[in-house]
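Asks: Residue-level listing of the chains:
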Amino acid sequence: MSTLKPTASPLKSPAPGARSARRRTRPLRWLPLAPATVLLLLFLAGPIAYCVWIAFTDMQLSGAAETHFVGLDNFRRAFEDEHFRNAVWLTLVFTFLSSLVGQNTLGLALAALMRRASRPVRTLTGAVVIGAWVLPEIVAAFLLYAFFRREGTLNAVLDLLHLPGQNWLFTLPILAVSFANVWRGTAFSMLVYSAALAEIPKELTEAAEMDGARGWRRLVYVTLPLIRRSIATNLMLNTLQTLSVFGLIWAMTKGGPGDRSTTLPIFMYDQAFTKTLIGYGTAVALLLLLVGALFSAVYLRLIRDEV
Amino acid sequence: MRPTAPVLLSLVVAAATLTACGGGSGSDPDTVKVAYNRSTDNKTRYKDEYLAAMKKQFEKEHPGKKVELVPIQAPDNDYATKAQQMMRSPRTAPDLVYEDTFRINADIKAGYLRPLDKELAAWPDWEQFADSAKAAAKAEDGKTYGIPVGTDTRGLWFNKKIFAEAGLPEDWKPKDWNEILTAARTIKKKVPGVTPLNVYTGKAPGEAAVMQGFEMLLYGTGKDPLYDPAARKWVTGGKGFEDALGFIDTVYREKLGPDVSDALDANVPTSVGTEWFPEGKLAIGLDGSWLGQNWINKGPREWPSWSKDLGQAPMPTQHGQAPGAVSMSGGWAWSIPRKAGNPELAFEFVKTLQTKENAVRWDVADAQIAVREDVAADPKYLNSMPGIKFFTSLVDRTHYRPALPVYPQVSTAIGEAMEAVTTDDASPAGAAKEYDGQLGDLVGGAVVNR
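Heads up: the protein sequence lines correspond to chains A and B, in order.
UniProt numbering puts the first residue of the first sequence at 1, with every later residue one more than the last.
UniProt numbering puts the first residue of the second sequence at 1, with every later residue one more than the last.
None of these hints come from the bench; they were simulated from the model.
Since the structure is predicted, the reported quantities are computational estimates derived from the model, not experimental observations.
By construction, the Cβ of each residue, glycine as well, lies at the ideal position given by its N, Cα and C atoms.
Don't take every hint at face value.
[What the hints assert, rightly or not] Residues on chain A that point at chain B, a partial pick, calculated with CB under 7 Å: (1) Leu-61; (2) Ser-62; (3) Ala-198; (4) Gly-256; (5) Gly-258; (6) Phe-273.
[Unchecked claim] Listed below are the simulated DSSO-like cross-link pairs for lysine-lysine, each with C-alpha atoms no more than 30 Å apart in a straight line: (7) A:Lys-254 to B:Lys-160; (8) B:Lys-189 to B:Lys-255; (9) B:Lys-47 to A:Lys-254; (10) B:Lys-281 to B:Lys-161; (11) A:Lys-254 to B:Lys-356; (12) B:Lys-255 to A:Lys-254; (13) B:Lys-118 to B:Lys-160; (14) B:Lys-173 to B:Lys-161; (15) B:Lys-356 to B:Lys-143; (16) B:Lys-433 to A:Lys-254; (17) B:Lys-66 to B:Lys-356; (18) B:Lys-173 to B:Lys-239; (19) A:Lys-254 to B:Lys-173.
[Claimed, not checked] Reference listing, derived: stretches of chain A covered by chain B, where coverage requires no fewer than 3 residues with Cβ under 8 Å from a Cβ of chain B: (20) 63-71; (21) 160-167.
Modelling step: build the complete structure from the supplied sequences, incorporating the hints.
Replies: As structure tokens, then:
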């Protein structure tokens, strides 16, 4: 994510005489970076390369002593596996509902409303929303499990209102975990948008109002275009984070019942560790990486196309 | 060239640290590390207490040596994953590991375990072990990789009080599946608020669901319904497979079982033992011989009157066909990982665990069926609990799971088929077909169609 924008070289137009001297010093300039590079290669590139290798083998956690290179078998198998396709679909649903619609929109709405709210309201809302975000994932997961389960808080409230209860984690697991993710992650979007909205020059909004743009029109024609860059950045961070949510879903539903809340990370874990197919699980992990890369590419485009 | 110095220095430091990681600290030659599964119920600690006592005894008898207990508190599947990961590296491998015998062949195949034939030949107590027990940890290569500590059988448990309320006999002995369902339906009608029948199901309970739930049904449908040992092939398209799923479908569709979300919880075996049965919420349970461990000997849930309140009956075959009753047997064993640092000392600890006295103590505490002849004849064992005679009698009728490395994966596939039927995502026929497909992938097409 450090390459959101290709940074222009500071040495764009060097003095002609400096050229040969610079060429000589170039290897030396690299030297101070060497330790960092070596560490990165060892601890980042190394494991990633190892993962890529495993994805092309039939490595198992148990049940086989030898590991063979199997080419693209794992990937072929994934695309033929209807459970894999189901997991991809659920991942997209989960990401769309909880990240794009939920966290992003709700975060923007909260940020906009809070700008107009009185100070105590702002402090209180901020504290509550950020509180949900600060909670460790597993704590949040257990809280929401207690909220949604059959004897849980939500059904108790519905019961008080004489509305029919539901066994949420059983009948609508993907919705329940999506809501949980919204609950947990909205604070991040809210903070990003609060900062972005604060940056909008007052003169612009005033001018827009003079021209008769109010309410929705001001939002669509003035505010949104101005915070476009924040929207894209926020969407990207949100999506990547949501794609890889594991603990929350695992603690709430374990991907079940059946595979109705098995998103890709859960599917990957199940294949690699429950079914002991490390090779196949790793291949799925690479495919998840691909899904993330696709989303990132789309958002990067959004940023590049801007004014 | 001044910047080179720090660079070189950091390279050296990095290399030194890394090799230190890779070189492995090895294990202390005087310490035996013992990995075992701790119950997920925080009141169930008899295994921990037993092992702590063994540790004390061992350290007293072997001055200067130490035992380090490594409890892993997790449901069975997670425990196995953790143990397998530990056994992959010499730095983390325990010296002794507690293995479920259904998984042992997969771990042997993976090269995690060490053959023990040499040690066993020099150990006089090995003669005491029953042949079936010796076979439990024997691999395809003919070598033995574990010392079994007990076995188990399975049958029907029922609450006599609830039966009396429903007007059912106190000496209930169903002759076929239908009579079980009829009894459950009667209870549902006459004793509301009680779960009539628990059959474990789904993925989360792991082998508990597959063995206690599914295979107890499946093995009552005909001969070799899962694996054909003569053809050395797995069975697909079995009518029995579909019928067994059909039974589970009936239980959960007619709401004769627990609520589906409870049934699919990983901790349901704990709930059955510590809540549902003792609190009189469950009428019939298809369960293991060890259930009494919850209620005796300072178990998690004291229930002195359980032997009066509960009855046991053999699980009948599907239509009552010969031999009339079904049981499944498994058990756990102590194994020594191939990458263990102190295999000799680990075996010494096994000898302490398996002195006759300690073996009796364990089988009593864990409510296990003895696998040693001297233990089975011990009065302390025979009088340890009322049901033990009944469950020992099932040994004649019992079946063992196919002792093959791929079995744990087949078991997972069965769990998925059960879950699909239980949640109504698939019909029994559909789930059986899906299982057939998965099985074909798992065993590379080595299947026989019935």
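Asks: All hints, please: hold or fail.
Replies: These are the hints, each one checked on the structure:
1. Interface hint at Leu-61 (chain A): satisfied, since its Cβ lies 5 Å from the closest Cβ of chain B, which is below the 7 Å cut-off.
2. With a least beta-carbon distance of about 4 Å to chain B, the hint placing Ser-62 (chain A) at the interface is held under the 7 Å criterion.
3. The closest approach between the C-beta of Ala-198 (chain A) and any C-beta of chain B is roughly 42 Å, which is over the 7 Å cut-off, so the hint fails.
4. With a least beta-carbon distance of about 6 Å to chain B, the hint placing Gly-256 (chain A) at the interface is held under the 7 Å criterion.
5. Proximity of Gly-258 (chain A) to chain B holds as hinted, the smallest CB-CB distance being about 5 Å (cut-off 7 Å).
6. Using the Cβ-Cβ criterion of 7 Å, the hint placing Phe-273 (chain A) at the interface with chain B is satisfied: the shortest such distance is roughly 5 Å.
7. Taking the CA atoms of Lys-254 (chain A) and Lys-160 (chain B), the gap is near 36 Å; set against the 30 Å cutoff, the hint is violated.
8. For the proposed pair Lys-189 (chain B) and Lys-255 (chain B), the alpha carbon gap of about 11 Å is at most 30 Å, so the pair holds.
9. Among the hinted pairs, Lys-47 (chain B) with Lys-254 (chain A) is consistent with the structure: their alpha-carbon atoms are about 28 Å apart, no more than 30 Å.
10. This hinted pair checks out: Lys-281 (chain B) and Lys-161 (chain B) have alpha carbons roughly 11 Å apart, not beyond 30 Å.
11. With a C-alpha separation of about 42 Å, the suggested pairing of Lys-254 (chain A) with Lys-356 (chain B) is violated against the 30 Å cut-off.
12. Proposed proximity of Lys-255 (chain B) and Lys-254 (chain A) is supported: the alpha carbons are some 23 Å apart, at most 30 Å.
13. For the hint linking Lys-118 (chain B) to Lys-160 (chain B), the alpha-carbon distance of about 50 Å lies beyond 30 Å, and the restraint is violated.
14. Restraint check for Lys-173 (chain B) and Lys-161 (chain B): the C-alpha separation of about 16 Å stays at or below 30 Å, so the hint holds.
15. The suggested pairing of Lys-356 (chain B) with Lys-143 (chain B) holds, with an alpha-carbon distance near 24 Å, which does not exceed 30 Å.
16. Annotation: proposed proximity of Lys-433 (chain B) to Lys-254 (chain A) holds, straight-line Cα distance about 25 Å (limit 30 Å).
17. Between Lys-66 (chain B) and Lys-356 (chain B) the alpha-carbon distance is near 22 Å, which keeps this suggested pair within the 30 Å criterion.
18. Using a Cα cut-off of 30 Å, the hinted pair Lys-173 (chain B) and Lys-239 (chain B) holds, with the two alpha carbons roughly 25 Å apart.
19. Taken as a hint, the Lys-254 (chain A) and Lys-173 (chain B) pair is broken in the structure, with Cα atoms around 38 Å apart against an allowance of 30 Å.
20. Given as covered by chain B, the stretch 63-71 of chain A passes the check, having 3 residues with a CB less than 8 Å from a CB of that chain where 3 are the minimum.
21. Only residues whose C-beta sits within less than 8 Å of a C-beta in chain B count toward coverage, and the stretch 160-167 of chain A has 1 of them, not enough to reach three; the restraint is violated.
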